[in-house]
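Since chain A is already given, all that's left is putting chain B on it; use the hints.
Protein chains: 2
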Amino acid sequence: MPRLTLVKIGGKVLDDPRALAGLLDDFSALPGARVLVHGGGKLAADLAQRLGIETSMVGGRRITSREMLEVVTMVYGGLLGRQLVAGLQARGINALSLTGADLDLMRAHRRPVREVDFGYVGDIDAVRGEALHDFLSQGIVPVVAPLTHDGAGQLLNTNADTIASQVALALADRWEVHLVFTFEKPGVMEDPDDETSLIRVLDPAAYARYREAGVIAGGMLPKLDNAFAALANGVARVYICQAEALPRLYQPDFVGTTIQA
Amino acid sequence: MPRLTLVKIGGKVLDDPRALAGLLDDFSALPGARVLVHGGGKLAADLAQRLGIETSMVGGRRITSREMLEVVTMVYGGLLGRQLVAGLQARGINALSLTGADLDLMRAHRRPVREVDFGYVGDIDAVRGEALHDFLSQGIVPVVAPLTHDGAGQLLNTNADTIASQVALALADRWEVHLVFTFEKPGVMEDPDDETSLIRVLDPAAYARYREAGVIAGGMLPKLDNAFAALANGVARVYICQAEALPRLYQPDFVGTTIQA
Numbered sequence: 005m006p007r008l009t010l011v012k013i014g015g016k017v018l019d020d021p022r023a024l025a026g027l028l029d030d031f032s033a034l035p036g037a038r039v040l041v042h043g044g045g046k047l048a049a050d051l052a053q054r055l056g057i058e059t060s061m062v063g064g065r066r067i068t069s070r071e072m073l074e075v076v077t078m079v080y081g082g083l084l085g086r087q088l089v090a091g092l093q094a095r096g097i098n099a100l101s102l103t104g105a106d107l108d109l110m111r112a113h114r115r116p117v118r119e120v121d122f123g124y125v126g127d128i129d130a131v132r133g134e135a136l137h138d139f140l141s142q143g144i145v146p147v148v149a150p151l152t153h154d155g156a157g158q159l160l161n162t163n164a165d166t167i168a169s170q171v172a173l174a175l176a177d178r179w180e181v182h183l184v185f186t187f188e189k190p191g192v193m194e195d196p197d198d199e200t201s202l203i204r205v206l207d208p209a210a211y212a213r214y215r216e217a218g219v220i221a222g223g224m225l226p227k228l229d230n231a232f233a234a235l236a237n238g239v240a241r242v243y244i245c246q247a248e249a250l251p252r253l254y255q256p257d258f259v260g261t262t263i264q265a
Numbered sequence: 005m006p007r008l009t010l011v012k013i014g015g016k017v018l019d020d021p022r023a024l025a026g027l028l029d030d031f032s033a034l035p036g037a038r039v040l041v042h043g044g045g046k047l048a049a050d051l052a053q054r055l056g057i058e059t060s061m062v063g064g065r066r067i068t069s070r071e072m073l074e075v076v077t078m079v080y081g082g083l084l085g086r087q088l089v090a091g092l093q094a095r096g097i098n099a100l101s102l103t104g105a106d107l108d109l110m111r112a113h114r115r116p117v118r119e120v121d122f123g124y125v126g127d128i129d130a131v132r133g134e135a136l137h138d139f140l141s142q143g144i145v146p147v148v149a150p151l152t153h154d155g156a157g158q159l160l161n162t163n164a165d166t167i168a169s170q171v172a173l174a175l176a177d178r179w180e181v182h183l184v185f186t187f188e189k190p191g192v193m194e195d196p197d198d199e200t201s202l203i204r205v206l207d208p209a210a211y212a213r214y215r216e217a218g219v220i221a222g223g224m225l226p227k228l229d230n231a232f233a234a235l236a237n238g239v240a241r242v243y244i245c246q247a248e249a250l251p252r253l254y255q256p257d258f259v260g261t262t263i264q265a
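So the protein lines, in turn, are chains A and B. To convert, take the position in the first sequence, counting from 1, and add 4; that gives my numbering. To convert, take the position in the second sequence, counting from 1, and add 4; that gives my numbering.
Calculated directly from the structure, the hints in this document are not laboratory data. Any given hint could turn out to be false.
Derived CB-CB ranges, DEER-like [to be verified]:
no.	chain 1	residue 1	chain 2	residue 2	range
1	B	K46	A	G63	52 to 62 angstroms
2	B	K46	A	Q255	44 to 54 angstroms
3	A	A221	B	D20	19 to 29 angstroms
4	B	A23	A	A23	52 to 62 angstroms
5	A	H113	B	R22	24 to 34 angstroms
6	A	S201	B	R22	30 to 40 angstroms
The list that follows gives simulated cross-link-like pairs (lysine-lysine, DSBU-like), each with its CA atoms no further than 35 angstroms apart [stated by the list, open to error]:
no.	chain 1	residue 1	chain 2	residue 2
7	A	K16	A	K189
8	B	K16	A	K46
9	A	K227	A	K16
10	A	K46	A	K189
11	B	K46	B	K227
12	B	K189	B	K46
13	B	K16	B	K227
14	B	K189	A	K46
15	A	K16	B	K16
Yeah, the Cβ is synthetic: ideal placement off N, Cα and C, and Gly gets one too.
In isolation and in its complexed conformation, chain A is listed as follows (with noise of 0.2 angstroms):
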């Protein structure tokens, strides 16, 4: 199967035009197929304060108000994706942005309210991986915004980690999928404040000893177990590395963690 490389990038690299530029550089490098899915870093919380908008969070995490709801389709959906668009497009690579609503590419339902209502999040039902692959496959290159639908008129606001994992499933039975989360640490860490302490390969084995030792804990567990469940669905690798390792990703001196089943 022919080799895809999927990049996640949000946070630090969106909110500095400098970092974002090199980024840009450094994906259109990339060999083969290509995909990026993006955050929305500060951008949307700072439109929304500039607006005015009251962004609450429960646990880490953001109610979207239907209010905020607009913001991120503006920001996310709008400024953003074009954004990266027309920057790929001046560095030769054809590219496109997209909402899970264009070509009905993911579909969601809104999240059912238990404890926390968090107002129009979504959670993905389907990917329509050959909408991707037919873009795939003419050199295009799919710019993925952090946004589904719910088929009824309704877009949503869904995490981006989570969209591109979802995009990596939906595209595992045509390509090789290399699925890379950009990170502000240099990947997984032993010890989060000391850079030599990167842990370069992590396997279910070892995975299971760092959990158990207490190492790897917190906001790292959900990312973790995303990625293993790509790669037990068929993704290839998934790597965590920073924005400016990804030069050297399939180079034996790539500096991140490579997550392998």
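Okay, now just chain B, sitting in the frame of chain A:
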């Protein structure tokens, strides 16, 4: 050649959720291949105002500052385009939202500064009709936002009427293109205040007469010059009508102005 209906919407229809829902119903019921081109309505100006961004106008045309370009990228390329697509998906129409940067669809150059610097406004150089044709031949409906790019990473603001005409022209070699400009009046009127004065059919000879007599003047002239240019270059028909007239477009009791060569 198969028939293609290209509908340009703007203004009031986009600002009124109920009118927009009706428009989407009517658009979805049109026979054959379709393209939807949208302007921005008042939403962009409203958002700019909420953000304290001044929008300056010269001779009825908006100056697009860098900040205003971000606003229209968010509103046209994000909020409106994605909501229109979600609304069409809910009606069983497989659609996607495109700007000129996506798939390099519409390349433009920044308008040269003569008496006025219009800012980030693009004049179109090329429309890649084959990209749209690929979608259309699969039954997919392109929803086109009035944004172009310069190929060097810069998005540009471009008039939606111009986009509609240029897209129509780019498709005219493979489709029998019917180009519909929705309008606030029932069509081109002999007397704008008299609803019974609708001009039902306008050909070049009649246009010349109305023009000489001063019956047709002002902002309608560039619209109609554009329309006749489209007809001269292979577009089958141009219509100016209210959004509400769309269901009767191909019927003998259609209420609107049909422009023909």
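Structure-based check of each hint:
Under the hint 52 to 62 angstroms, the C-beta atoms of K46 of chain B and G63 of chain A, about 38 angstroms apart, miss the expected range. Restraint check, K46 of chain B to Q255 of chain A: a C-beta distance of roughly 53 angstroms satisfies the suggested window 44 to 54 angstroms. At about 52 angstroms, the CB distance of A221 of chain A to D20 of chain B disagrees with the hint of 19 to 29 angstroms. At roughly 43 angstroms, the beta-carbon separation of A23 of chain B and A23 of chain A lies outside the given 52 to 62 angstroms, and the hint is violated.
In this structure the supplied range 24 to 34 angstroms holds for H113 of chain A paired with R22 of chain B, their Cβ-Cβ distance being about 26 angstroms. Between S201 of chain A and R22 of chain B the C-beta distance comes to about 59 angstroms, which lies outside the given range of 30 to 40 angstroms. Distance check on the hinted pair: K16 of chain A and K189 of chain A sit about 11 angstroms apart at the alpha-carbon level, within 35 angstroms; holds. Between the alpha carbons of K16 of chain B and K46 of chain A the distance comes to roughly 33 angstroms, so the proposed pair stays at or under 35 angstroms and holds.
Restraint check for K227 of chain A and K16 of chain A: satisfied, since their Cα atoms lie roughly 18 angstroms apart, inside the 35 angstroms limit. Proposed proximity of K46 of chain A and K189 of chain A is supported: the alpha carbons are some 18 angstroms apart, at most 35 angstroms. At roughly 20 angstroms between alpha-carbon atoms, K46 of chain B and K227 of chain B fall within 35 angstroms of each other, so this suggested pair holds. About 18 angstroms separates the Cα atoms of K189 of chain B and K46 of chain B, which keeps this hinted pair within 35 angstroms; it holds.
Proximity of K16 of chain B to K227 of chain B is assessed by CA-CA distance (about 18 angstroms); at most 35 angstroms being required, the pair is judged to hold. A C-alpha spacing of about 43 angstroms is found between K189 of chain B and K46 of chain A, which places the hinted pair above 35 angstroms, so the restraint is violated. Restraint check for K16 of chain A and K16 of chain B: not satisfied, since their Cα atoms lie roughly 39 angstroms apart, outside the 35 angstroms limit.
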